[in-house]
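Novice: Since the structure of chain A is already known, use the hints to place chains B, C and D on it.
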Amino acid sequence: MASLRKILIANRGEIALRLLRACRELGISPVAVYSDADRGALHVQHADEAYRLGPAPSVDSYLRGDRILEIARQCGADAIHPGYGFLSENVEFAEACTAAGITFIGPPASAMRELGSKTRARAAADRAQMPRTPGSVRGLTSAEEALTLAKEIGYPVMLKAAAGGGGKGMRAIQRPEDLPSALISASDEAARAFGSGEVYLEKLIERPRHIEIQLLADQHGNVVYLGERECSVQRRHQKVIEEAPSAVVGPELRRRMGEAACRLAREAGYVNAGTVEFLVDEAQNFYFLEVNTRLQVEHAVTELVTGLDLVHLQIAVAEGKPLPFTQEQIVLRGHAVEVRVYAEDPDSAFLPSPGRITRLLRPGGPGIREDEGVYEGWEVPTEYDPMLSKLVAYAPDRATAIARLGCALDEYVIGGIRTNLKLLRRVLDDADFQAARIDTGYLDRLLAAPAPVRPDAATDTATDSASIAAMAAVMFAAPAAAPTTTRAQTPWQHEALRRGLRR
Amino acid sequence: MASLRKILIANRGEIALRLLRACRELGISPVAVYSDADRGALHVQHADEAYRLGPAPSVDSYLRGDRILEIARQCGADAIHPGYGFLSENVEFAEACTAAGITFIGPPASAMRELGSKTRARAAADRAQMPRTPGSVRGLTSAEEALTLAKEIGYPVMLKAAAGGGGKGMRAIQRPEDLPSALISASDEAARAFGSGEVYLEKLIERPRHIEIQLLADQHGNVVYLGERECSVQRRHQKVIEEAPSAVVGPELRRRMGEAACRLAREAGYVNAGTVEFLVDEAQNFYFLEVNTRLQVEHAVTELVTGLDLVHLQIAVAEGKPLPFTQEQIVLRGHAVEVRVYAEDPDSAFLPSPGRITRLLRPGGPGIREDEGVYEGWEVPTEYDPMLSKLVAYAPDRATAIARLGCALDEYVIGGIRTNLKLLRRVLDDADFQAARIDTGYLDRLLAAPAPVRPDAATDTATDSASIAAMAAVMFAAPAAAPTTTRAQTPWQHEALRRGLRR
Amino acid sequence: MTPLAVEVEVDGTLRRLALERNEGGWVVHMDGRAIPVDMYEPMPGVLSLLMEGRSYRCVRTVMADEETIAVGPRQHRVAVSDPRSLRAQRKRPGAGNGVLQIKASMPGRVARVLVAPGDAVLAHQGVVVIEAMKMQNELKAARDGRIVELRVAAGDKVASGQVLAVLE
Amino acid sequence: MTPLAVEVEVDGTLRRLALERNEGGWVVHMDGRAIPVDMYEPMPGVLSLLMEGRSYRCVRTVMADEETIAVGPRQHRVAVSDPRSLRAQRKRPGAGNGVLQIKASMPGRVARVLVAPGDAVLAHQGVVVIEAMKMQNELKAARDGRIVELRVAAGDKVASGQVLAVLE
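Chain order of the listed sequences is A, B, C and D.
Here the first sequence is numbered in numbering that gives the first Met the number 0, starting from 0 and rising by one per residue.
Here the second sequence is numbered in numbering that gives the first Met the number 0, starting from 0 and rising by one per residue.
Here the third sequence is numbered in numbering that gives the first Met the number 0, starting from 0 and rising by one per residue.
Here the fourth sequence is numbered in numbering that gives the first Met the number 0, starting from 0 and rising by one per residue.
Keep in mind that the hints were calculated from the coordinates and are not lab data.
Check before you lean on any hint, since a few could be wrong.
As the list claims (entries may be wrong) - DSSO-like mimics (lysine-lysine), calculated; alpha carbons at most 27 Å apart, straight line:
#1 C:K139 / C:K102
#2 D:K139 / D:K102
#3 B:K421 / D:K139
#4 A:K421 / B:K5
#5 A:K5 / A:K320
#6 C:K139 / A:K421
#7 B:K320 / B:K5
#8 D:K102 / D:K156
#9 B:K202 / B:K150
#10 A:K5 / B:K421
#11 C:K139 / C:K156
#12 C:K156 / C:K102
#13 A:K150 / A:K202
#14 D:K156 / D:K139
#15 B:K421 / D:K102
#16 C:K102 / A:K421
Unchecked claim - Derived contacts from chain B toward chain C, CB cut-off under 10 Å, selection only:
#17 V30
#18 R38
#19 L41
#20 H45
#21 D47
#22 A49
#23 Y50
#24 I70
Small disclaimer: the values here were computed from a predicted structure and weren't measured.
Built from N, CA and C at the ideal position, the CB exists for glycine as well.
Chain A with its partners taken away, still in its complex shape (with noise of 0.2 Å):
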């Protein structure tokens, strides 16, 4: 197959800007496609071409896969990156693209129809011979069928979106009283967020861990996994924190769960990207959760770790090019961490919090990548995702990957909207999270704890930090700042250097 010349990107915010640099760097033209909220985003301002497609509500822009595949036939692009989310899962809109001649960027439409679906996978992995969690293998289609098998397989249950993803559209339920209900909100959750209101049930495994396999196969029968990564702290089924190698799976382990994930692969005639799900219990027992069929807002852990790009390799995929390494050659070094900075407040349950980016100053420094798509003066808009940013720290092992990403948060500022920057650092800090001790019910139990205060290093109350605050406070308020350009010393300055170098 020829090599790709355009590539338009059909999506938004961080992961749009980082196809677009992928491109690039592969002497790819990226076109952009933006919602009038989006007309400033930083994908616009620094791709080739760009082309509105609507307003700012996603059914009306990044969710017209009909005005997207006219826009990339008309600029003449020959294929279509989908990142996650939108369009990314959708079976019809892979359809499309390849009726028109254009090249989609991730699996075959008959694997993502056998595999995107939650319920069919669920079949697959059983013909596969690989161990599930029990419920139904088929879309709910009424509130007496899900109260049977809930009955059948027993409290507590979860409701998933079949169709689903980011944990829109799930709910969990201990009492068959809450169940009708919960199934009309998921439904419509999930009709909301994908455009299929198809719910499925499965039995609620207690505390298990969320640990998933990275997949990539090429077209010439070639499957490999990149080694595992463990999403376990989540809060309402939303990845919070991820890291790569999980902490509780040994090079055994990785085999097992990686080998399963192969076979459903094959078995499903899988080709680029993916992730199979699984469920972790105390045991180390994995049950398969779901395929991803697409690329992971977490997949940058895996690149960390294994030292590759996995969108160079998408497109290296797509373009018909065998994978470049063995199985054997692929060797995970080091430890990733990444934490994502959402537009929400903690401190009152979690409101998302849209509004103008008045303040932004970033972190750095060694080991530290963050896959950004805001800036100092960005709107972030009501109408997406409340992700801003995902703030990832490479170091040789575990602890100093925490202790550096933990640096980082603290050298991170924010202004003009909440962010839960102060949450991340809480967890990070926390003695069972440095232990590991960690499953998808960890962070939930965590909120419901009281905050910690953070020990300040003040010896006294005269310079504790809220006294610094203040003094802050009125410096500012105080007509004019001294002059920045000002290099003399006062006397004053003299004597506070006489006095810190006395102490």
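Specialist: Chains B, C and D in isolation, oriented as in the chain A frame:
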């Protein structure tokens, strides 16, 4: 030895910030020192403590070892990290630290004396049976001596500062008549830069590559090499672009150079991080050049391909810990290329361009690391080195790393001062550089040729980038650009898109 | 020059301090001590303070409803004031007296209105549902009362801090 | 609204274009074409232009002596002007007539002065040596002439663009 609690960072700029971050990650309290020119510098803003050294000139501030030591003593620092340049290779300062019971993070004074002086190092190399360039093994005392020796080894010859680094005090001499004046100016420059005017003379190797070995030694006799760096892209003996690994060094040559370097280190009782520089000719013969008894500017590329953190390791070694790995466990993966961003104007004889940075738009993305020391609004002082930051790209292979770095340079905008960004981009685009056909004279030859015009994607003159610039200039000049909050599509915008899609 | 005495509310607690300016430097009088402070403003909204050798980076950010100053990683809500204006503040509706405003906690769209003017509501009873970023959030009454005013209807776009209803 | 005609000097060559504004959008009349341009200003000094589908990020930076606009990675020196002011510019000393100013090409300190008032100098002859960042740089006369004015002495601090000497 007890672990360190507080480290004074006796440096400025990007390296001070990089060291400061390393301290924080290790739970060590970083103390900054600053000259009047650096009151507003990032390393002062981010430190736990900061103390004034004196007026801007280095001799009154960052070279004031006495003052720095006094501050360290009085603020209770248990160690000093000198970074590179300034006091990093000053034996007297290292000895004074030890005498004051403060750990100098670097080699013992004895090893510095043995290897830090280039003349003594050449003698040591002889004892260690290392190939070196013909020339003097002690400082020149007179023009007559220089002329005699030069005649002996034959022109062209090279003058070098015994205490030197970064090309200061270096002169290449083609003809005897140029030698006396060059000797004086080189000696003056050396005295200004390092406080020692000692200069020696060696045979100039034609078209050599500059390749150096990164060493690491602990206090227990363990010495390892962390692969090589190629630093052949230089201007006036000043490194501009560095990479790891070298495109021309295979496992065998790497082992031979690495083991020779380790031999020298053991011979000199070397401890902590150090670098042995070699010249390598077309026949892949290597000649000992000098030893840098400190952390190198370009250490980042080694960190990226080894996955290690050299500053963390320096501190661990200083704490008396044994190296956490053996030579066999050190594996190079991928490729890293670093460019040094200088405040200088390649279009007018590389004049330094200090002043206020009025605009700073930083590049980013996967595999990009920037070790930076400046910010928008920062005034680059006239008193120090013109290096603003180090931009580094890591990728699975050299070609991708170069492409990635090029894209990052394209994103980079620095306003208010002149920089070498465009020149760096030109080098990355150059066929010889891409083919690794480089030697220490490569860049000067490139600069002698006219800069090629970068192809413009535009199809007609109406939309070439000069026309766009003209339009933008008018729009900037026009009263009040479009409100940044407007989302409504104007008829013109529709029209623009319609046309865009019609092409 | 005589020290300027101010009261600053930090995270809800009042701090008294006196400051004195002196050719570019400051002296802070606090807890009976006079502490010289070297101040530098690297960029608008950011202050670097050196005080008895310690370095503090203070970043000021303002949101519709409050001013925050981050000292390194630590965030503090601050309000500079003198006693008079403080008293004045206490007179604001919603703070102490009988009238309580129910404000939008985030920008978004009104999904549903759960009450009508005149309705009696109990504490924690839902009043308005706002949707943003695909999440619905119910705004509840802080205490028992009666809806005396309803300022929004389903479908309205609302800004953060906008008054949605008034409770009496 | 009638198009506004302007001349813009880009990298030394003059370009004529006519622009027309229209509710937030622009139309550029150029080489006999009318090209609609969608403009957005994400931050002061930065413009995102969409023109016939193509996206351009234009960043404006100003240095003492000139205005530069970067279009993506490409830098262009620009000067917006109408013919009159252009003619005016040509009258500036140093541009065309007999007097030539020798300006500091960078801020720094005067290390040495190599000429005296009244001296005749040849093209490329050194006039003043400036030191900054440990590098010495010799400023040379652009053409033969005579030093009619010398405005600095050794040791002086000089700013970028400051006139050091005047050649006739």
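Novice: Can you confirm whether the C-alpha distance between A:K5 and A:K320 stays at or below 27 Å?
Specialist: holds (17 Å)
Novice: Does the nearest C-beta of chain C fall within a distance shorter than 10 Å of the C-beta of B:Y50?
Specialist: Status holds, d = 6 Å.
Novice: Check the hint pairing D:K139 with D:K102 against an upper bound of 27 Å on the C-alpha distance.
Specialist: holds (10 Å)
Novice: Does the interface hint hold: is B:A49 within less than 10 Å of chain C, judged Cβ to Cβ?
Specialist: holds (4 Å)
Novice: Would the pair D:K156 and D:K139 pass a check requiring their Cα atoms to be no farther apart than 27 Å?
Specialist: The given pair, whose Cα atoms are some 19 Å apart, holds under the 27 Å limit.
Novice: Holds or violated: B:V30 as interface residue toward chain C, Cβ cutoff 10 Å?
Specialist: holds (9 Å)
Novice: Just to be careful, I want the Cα atoms of C:K139 and A:K421 compared with a cutoff of 27 Å; is the pair within it?
Specialist: Given that 27 Å is the threshold and the Cα spacing comes to 26 Å, the pair holds.
Novice: Would the pair C:K139 and C:K102 pass a check requiring their Cα atoms to be no farther apart than 27 Å?
Specialist: holds (10 Å)
Novice: Mind checking the CB of B:L41 against every CB in chain C and telling me if the closest is under 10 Å?
Specialist: holds (8 Å)
Novice: Just to be careful, I want the Cα atoms of D:K102 and D:K156 compared with a cutoff of 27 Å; is the pair within it?
Specialist: holds (13 Å)
Novice: Hint check: A:K150 vs A:K202, CA-CA at most 27 Å. Holds or violated?
Specialist: holds (10 Å)
Novice: Is the interface hint satisfied for B:R38? The criterion is a beta-carbon contact with chain C at less than 10 Å.
Specialist: With a minimum Cβ separation of about 5 Å from chain C (threshold 10 Å), the hint on B:R38 holds.
Comparing the model with each earlier hint shows no violations; every hint is respected.
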